[in-house]
Amino acid sequence: MVVEVDVIPVVSQDIWQGIILQAVVLVIRQAVEMVVATIVENRGTLLENALPILDTSTDYKYIIVAGQLI
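Be aware that the sequence shown starts at 1, since it is given in the numbering used here, and climbs by one per residue.
Since the hints were made in silico from the structure, they are not lab data.
Only a predicted model underlies this, so the values are computations on that prediction, with no experimental measurement involved.
Yeah, the Cβ is synthetic: ideal placement off N, Cα and C, and Gly gets one too.
Just so you know, nobody snuck in bad clues.
Simulated DEER-style distance windows between Cβ atoms:
1) Val3 <-> Gln30: 45 to 51 Å
2) Val3 <-> Ala23: 36 to 42 Å
3) Val32 <-> Val2: 53 to 59 Å
4) Glu4 <-> Met34: 48 to 54 Å
5) Val2 <-> Val36: 57 to 63 Å
6) Val25 <-> Glu4: 39 to 45 Å
7) Glu41 <-> Asp14: 36 to 42 Å
8) Val2 <-> Ala31: 49 to 55 Å
9) Glu4 <-> Ala31: 44 to 50 Å
10) Ala37 <-> Val3: 55 to 61 Å
11) Val35 <-> Asp6: 43 to 49 Å
12) Gln17 <-> Ala37: 29 to 35 Å
13) Val35 <-> Val3: 55 to 61 Å
14) Ala31 <-> Val3: 50 to 56 Å
Construct the entire structure; sequences and hints are all you get.
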């Protein structure tokens with residue numbers, strides 16, 4: 001005699017929240033990486049534009065984003 005049993009996986013609410021949280025973190029991380037890449041790519045222009053604004057004395061203040069001097 002063979003008894004077939006259908007197994008329906010039950011995923012708890014905590015697991016779904018964890019999956020959604022990981023997806024949100026991944027999207028945010030990718031967005032931040034894109035912004036930083038754009039800033040680093042345009043750092044020459046940003047540096048020229050930012051330094052006169054930031055220059056309150058003879059000392060220059062530099063902006064550091066993700067370990068990159070811009």
